[in-house]
Amino acid sequence: MDYSALIAQRKHRFTELEHAIGDPDLFADPKRATETLREHRRLKQTLEIADRLENAKRQLEENIELSKSDDPDFAEMAAAEIPQLEREIPQLTSDLQYALLPADPNEDRDALIEIRAGAGGDEASLFAGELLRSYQRYAERRNWKTEHLESSPSEVGGFKEVILRVTGDEVFRYLKYESGVHRVQRVPETEAQGRVHTSTVTVAVLPEAEEVDVQLNPNDLRIEVCRSGGAGGQHVNRTESAVQVFHLPTGLYVRCEDGRSQGKNKEKALQIMRTKLYEMKQREVSEQYSEHRRSLIGSGDRSEKIRTYNFPQSRITDHRIGYTAHNLAAVMDGDLFDLTNSLQKEEMAERLAEATGIKV
Numbered sequence: 001m002d003y004s005a006l007i008a009q010r011k012h013r014f015t016e017l018e019h020a021i022g023d024p025d026l027f028a029d030p031k032r033a034t035e036t037l038r039e040h041r042r043l044k045q046t047l048e049i050a051d052r053l054e055n056a057k058r059q060l061e062e063n064i065e066l067s068k069s070d071d072p073d074f075a076e077m078a079a080a081e082i083p084q085l086e087r088e089i090p091q092l093t094s095d096l097q098y099a100l101l102p103a104d105p106n107e108d109r110d111a112l113i114e115i116r117a118g119a120g121g122d123e124a125s126l127f128a129g130e131l132l133r134s135y136q137r138y139a140e141r142r143n144w145k146t147e148h149l150e151s152s153p154s155e156v157g158g159f160k161e162v163i164l165r166v167t168g169d170e171v172f173r174y175l176k177y178e179s180g181v182h183r184v185q186r187v188p189e190t191e192a193q194g195r196v197h198t199s200t201v202t203v204a205v206l207p208e209a210e211e212v213d214v215q216l217n218p219n220d221l222r223i224e225v226c227r228s229g230g231a232g233g234q235h236v237n238r239t240e241s242a243v244q245v246f247h248l249p250t251g252l253y254v255r256c257e258d259g260r261s262q263g264k265n266k267e268k269a270l271q272i273m274r275t276k277l278y279e280m281k282q283r284e285v286s287e288q289y290s291e292h293r294r295s296l297i298g299s300g301d302r303s304e305k306i307r308t309y310n311f312p313q314s315r316i317t318d319h320r321i322g323y324t325a326h327n328l329a330a331v332m333d334g335d336l337f338d339l340t341n342s343l344q345k346e347e348m349a350e351r352l353a354e355a356t357g358i359k360v
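Residue 343 in the working numbering sits at position 343 of the sequence shown, with consecutive numbering throughout.
In case anyone wonders, no lab produced these hints; they're calculated from the structure. Small disclaimer: the values here were computed from a predicted structure and weren't measured. C-beta: ideal position from N, C-alpha, C; glycine also. Keep in mind that the hints are not guaranteed to be accurate.
Distance condition first, Cα-Cα at most 25 angstroms in a straight line; then the derived BS3-like pairs of lysine-lysine [as the list claims (entries may be wrong)]:
1) Lys11 with Lys57
2) Lys266 with Lys31
3) Lys345 with Lys44
4) Lys281 with Lys31
Now the in silico label distances, taken between C-beta atoms and shown as ranges [unchecked claim]:
5) Ser4 with Ala79: 25 to 33 angstroms
6) Lys44 with Gly121: 47 to 55 angstroms
7) Ala353 with His326: 26 to 34 angstroms
Taking the hints into account, I'd like the entire structure generated from these sequences.
This is the structure we're talking about:
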C-alpha cells in the first residue's frame with residue numbers, strides 16, 4: 001500500500017505544529033499546549049519511522065544491485081546485509097501502519113493500575129500480590145517508574161486491593177490490555193489433598209488524568225480525614241492521616257492512608273479521583289468502537305474474563321486472541337513482551353480493517 005499521501009498530510013500538519021509551538025501565546029492555555037505537544041511528539045515519531053522505512057527500502061535495492069558486482073568481496077559484503085534489511089522492512093511497515101492510524105489520545109499517558117482480589121478468598125489476595133509484582137518487574141524492564149498510591153493488605157501477605165501508579169514512556173499503550181478478570185488455577189499451599197482451586201483477580205488500567213483534563217469543583221467534593229487502619233504503629237494511632245474523598249455528583253469514593261502525611265494522602269486521593277472521572281468520560285467515548293476492539297484494548301470492564309494462569313501446566317492463555325504459551329514463570333516475573341506484542345498486533349489489524357477495509 002502506498003502511504004505517500006498520508007505521510008505528506010502528516011508532514012504538513014507537523015509544520016503547522018512547529019509554528020504553533022513557537023508561539024508564546026500557546027502556553028497561556030495549558031490544555032491546548034499539552035495536546036499540541038503530544039500531537040507534535042507523535043507526528044515526529046511517525047515521520048521518523050517513515051524515513052527509516054524509506055531508507056531501508058532504498059538500501060535494499062542498492063544492496064541487491066551491488067550484490068551482482070564483478071568484485072566478489074564487494075558483492076559478498078552487499079549480499080550479507082540483505083537478510084537484515086528484509087527483516088527490518090516488514091517490521092517498519094507494521095510500525096508505520098500503526099502510527100498512521102487515528103491516534104488514541106491516551107496511549108502516551110501514564111497509568112494507574114487497580115488490582116482487586118475477587119473470588120477465592122486468601123488465594124485471590126495472594127495472586128493479586130503476585131500480579132502486582134509482575135507489573136512492577138515489567139515496568140522495570142521498560143525503564144518505567146512505579147509508586148504505590150493505596151493498598152489494603154490481606155492477613156496472608158497478599159492484597160485485597162492495591163493501586164499502583166506507573167510513569168514513563170507510552171505507559172498506557174502497553175498496559176491497557178491488562179484490564180479485566182484474571183483467573184488463576186493452582187493448588188493452594190493449604191490444600192492438603194492437592195486439588196486445583198480457581199480464583200480470580202480483577203484489574204483496571206486507567207490512563208492517568210491531568211488537571212487540564214478534569215477540573216475538580218470543590219463544591220462537588222466532600223473531604224474527610226480519619227485515622228489510618230492497618231499497620232503503622234504509634235504514629236497511626238495518634239494522628240488522623242487518612243483521607244477520604246467523595247465526589248457527590250457521581251458517588252465515587254477514594255480513600256488514601258498509605259502515606260504518613262495527611263497532605264500527601266489528600267494529594268494522592270485527588271489524583272485517583274481525577275483519573276477515575278477521566279476514565280468515566282473515556283468509557284463513554286469508547287462506545288464508538290467495535291465490540292471486538294472495546295474488549296481487546298480493555299476499557300476498564302471488570303466483568304470479562306480475559307486471561308487464565310494455569311500453574312500445574314505452566315500455561316497462560318489470553319482468551320481474547322486465543323494466545324497460549326507455556327512460559328508462566330517468566331510472565332509472572334514480568335516478561336509480558338510477547339503477550340503484549342500479540343495483543344497489539346491484533347488490535348492494529350482490527351483498527352486498520354475499520355479505518356481502511358484492509359485486513360492485515
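Quiz item: So does Ser4 sit 25 to 33 angstroms from Ala79, Cβ to Cβ?
Solution: holds, 29 angstroms
Practice problem: With 26 to 34 angstroms as the target window, see if Ala353 and His326 comply at their CB atoms. | Solution: Roughly 30 angstroms apart at Cβ, these two residues keep to the hinted range, so it holds.
Quiz item: Holds or violated: are the alpha carbons of Lys281 and Lys31 at most 25 angstroms from each other?
Solution: Within the cut-off at roughly 16 angstroms; holds.
Exercise. Go ahead and decide if the range 47 to 55 angstroms is satisfied by the Cβ distance of Lys44 to Gly121.
Key: 50 angstroms Cβ-Cβ, so the 47 to 55 angstroms window holds.
Quiz prompt | Hint consistency between Lys345 and Lys44 [alpha-carbon to alpha-carbon, up to 25 angstroms] | solution = Answer holds: Lys345 to Lys44 is near 22 angstroms, not above 25 angstroms.
Quiz item: Between Lys266 and Lys31, does the CA-CA distance stay at or below 25 angstroms?
Solution: With Cα atoms ~24 angstroms apart, Lys266 and Lys31 stay inside 25 angstroms; holds.
Self-check item: Holds or violated: Lys11 to Lys57, with C-alpha atoms at most 25 angstroms apart
Solution: holds, 20 angstroms
When the structure is compared with the earlier hints, no violation turns up for any of them.
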